[in-house]
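> Protein chains in written order, with the numbering used here: chain A, 11 to 132; chain B, 11 to 132; chain C, 11 to 132; chain D, 11 to 132; chain E, 11 to 132; chain F, 11 to 132.
Given that identical chains are not distinguished, each listed pair holds provided it fits within a single copy or across any two copies.
Here are the computed lysine to aspartate or glutamate pairs in the DMTMM-like style, where the Cα-Cα straight-line distance is at most 25 Å:
#: 1; residue 1: 18; residue 2: 122
#: 2; residue 1: 49; residue 2: 22
#: 3; residue 1: 49; residue 2: 84
#: 4; residue 1: 37; residue 2: 48
To be clear, the hints were calculated from the coordinates, so they are not data collected in a lab.
All of these numbers come straight from a predicted model, not from anything done at the bench.
Number of protein chains: 6
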Amino acid sequence: MDIIEEFKRYRERMNAEILTRGGLGIKRFFALDDRVYEKGVLDVRTKELMGLVASTVLRCNDCIVYHVIRCVQEGVSDAEFFEALNVALVVGGSITIPHIRRAVETLDQCREKQRKGESLEV
Amino acid sequence: MDIIEEFKRYRERMNAEILTRGGLGIKRFFALDDRVYEKGVLDVRTKELMGLVASTVLRCNDCIVYHVIRCVQEGVSDAEFFEALNVALVVGGSITIPHIRRAVETLDQCREKQRKGESLEV
Amino acid sequence: MDIIEEFKRYRERMNAEILTRGGLGIKRFFALDDRVYEKGVLDVRTKELMGLVASTVLRCNDCIVYHVIRCVQEGVSDAEFFEALNVALVVGGSITIPHIRRAVETLDQCREKQRKGESLEV
Amino acid sequence: MDIIEEFKRYRERMNAEILTRGGLGIKRFFALDDRVYEKGVLDVRTKELMGLVASTVLRCNDCIVYHVIRCVQEGVSDAEFFEALNVALVVGGSITIPHIRRAVETLDQCREKQRKGESLEV
Amino acid sequence: MDIIEEFKRYRERMNAEILTRGGLGIKRFFALDDRVYEKGVLDVRTKELMGLVASTVLRCNDCIVYHVIRCVQEGVSDAEFFEALNVALVVGGSITIPHIRRAVETLDQCREKQRKGESLEV
Amino acid sequence: MDIIEEFKRYRERMNAEILTRGGLGIKRFFALDDRVYEKGVLDVRTKELMGLVASTVLRCNDCIVYHVIRCVQEGVSDAEFFEALNVALVVGGSITIPHIRRAVETLDQCREKQRKGESLEV
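Just chain A, with the same shape it has in the complex:
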C-alpha cells in the first residue's frame, strides 16, 4: 500500500469538503492548525518533531503520517526520527508501538520516494 499517496488523496478530498461546507469556526481552526507549525522563535523542524511526538503519544496514525512527511521535507535525519520516536515510546508506553511501526513504515516510503526523486508535497 502506498501510505503517502492514499493519505494525501483522502486528506485533500475530505479537507476540501470540510472547508467548503463547514462554518467559519472550522475554517479558522484549520488556519490556526497550519500556522502553528510555521517558523517563530522555534524553527519549523522542531515544531514538526513536536507534532510527530504529540501524534504518536496520542496514537493517531493519520497525524503521524502527516508529520513524518513534513519532517522528511524539513530534512530530519533517520537518527533524529528514532530519537523523537524513542521519547514518544517512553512517555506513551508499549501502547504506542503499533503507531511507531506505522511511523517507520511511512518513513521508509518517504525515503523510497526521495531516492526516486518523487514529490512528497502534502
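Given chain A's structure and the hints, the job is docking chains B, C, D, E and F onto it.
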C-alpha cells in the same frame, strides 16, 4: 468503500456473537447502551448529537459512523452536523481532524442513500 | 471548598496571563473556543450540554466545572443534567465516575448559589 | 493526608447523591460496576488486579485508590502489587508514573491501617 | 481477513526494522516489554489477561490481537476471556465496544486455528 | 502554593520508595526514562520541549511541572515556551487549557525562583 454497509454487517455479526457467548454483565451493558439514547427529558436528537461529539473527541471511528447514521435518521441537518463537529474539533483539537473527515464521509454516504431512497436501518 | 469561586479566580488570573504573554495563535484559539458555544443552528443550551458530555468522557474536572456553571446559567434542569451525565457514563465507562461526582458536587454548589441569589458569572 | 478516609467519605457522600437523584440508567450502571468484580470463572483478586491495571493506564487517581484498597482486602502482596504496576507502567509509559506514586502511597497507608488493626472497609 | 497472520507478518517485519535501526533506548524498551509478562509472583496467564484488559480500555486493536493470541496460548478459556472483556467494557465504556468486537473476532480465528492444529506462534 | 517544592518533595520521596521496593523491571524503566532526554543527535532542550508538549496533550500536570522546570534549566525562553504550548493547544484542543494554565503558573514560579537566585534542582 460503502462505510455504512460494511459497518452494519460487521457490527451485527459480532454483536450477535458477543451477546450469545458473553455473560449477563455484557448483555446488561448493551441494554443500558441502547436505552441511554432513548427519549427522556432530553430528546433523541440531542442525545445522538451528544453521542457523536463524545465519539469524536474520544476518536472512535466505528462509534462516529454509528452516531452519524442515527443522527441522520433523527433528521439532523448538515448545518447542525457541522456545528456539532466544530464543538468536538475545538474541545478535542487537531488530533480529531482525521475522525471529522470520517464523519463527513459517512454523512455524504448517508445523504446519497437518502437520495436513492435506500434504508439507513442500523 | 467553594469549587466555583476557586475555579473562577484561578481561571481568570491565568487566562489573563496567557492572553497577555501568549502569541497571536493562542489568542485566536481562545476566541474560537468562546465562539463555538454561541447560538447557531444549534442553541446555546445544546452546545453547552455537548461541552459537558465531551469534558466528562475526556475526564477534565476544570472543564466539567466550567460547563456545569454555563449549563445552569442556560437553565438546564437537574433531570437534564443527569441524562447528559448518563450518556457520558455509558460512553466513557466507570472511569468517568469520579468526574461525575465532581459534576454533581458543582451542580449542588450552583443550586445553593441560586437559592442565595448569588451570581454565577464566569 | 489520609488518602483512604478522604476518598471514602467523598465517594460515599457523592454516590449516595448520584443514586438518589440520578435516573434508572445510572443506578443500573453502578450495579453492573459492582457485579463485574464479583467471583466468576476468574477470582475476585484477579479482577481487582485488572481493575488496578486499567485504572493506572487510564490514569485515574480515585479509581486507583479504590482498587488498591480492594486488592489489599483480597490479600494481594506487595510483590504482586509491584508486578501489576510494572505491567501498567510498561503499557502506559512514563505518563503513568505520577499515578504509580499515588498507588504506592495508598498501599503504604493501607499497610499502616492494617498494622494498627483499622478497618479498610470501602 | 486472517487477522492473526496479517498482524504477525507486519509486526515481525516492522519490529525487525525498528530494532535494527533504532537506538539502544528503543531496544531496551522492547526488552522490558517482553520481560514484564514473564512469570514472577504473578503467573503469565494473569499478566497476559492484564495486558488484554489494558489494551482494551486504551483501545489499541493491534495490542488486543497480540494479547488475545498470547492468552489463547496460555490456555485462557472462552469464559475467562468474556469476564476479562466485561471488566474492560465496564471500566472503559461503550467506546470500547468496537475493540471488544475485534477481540472476539480474533479469539474466533485463534480457536479455528487450534481446531485445525495450526500454530499460533507470535 | 509552591508548586515546585511540593512536586519535588513528593516525587523524591515516592520515587525512592518505588525504586527500593519495586522490581528490576521498574528500575530499568526509570533508567530508560532518564536517559531518553539526554543529548543524542537531538539536543536536551529539544527533547525536553518534546516532553513538555507530550505531557500537555496527554494532560498530566505532574509531568508538565517536571518538564517546565527542566526546560527552564535548559534556558528555554518564555517565547519558546508559549510556542510549544501553542502546538500542544492546537493538537490537543481546549481540553488542554487547564493544563496550559498549570504550565504557565509553574513557569512563573520558576522565573520567580531564578530572580531570587534559588535552586531549581529537580
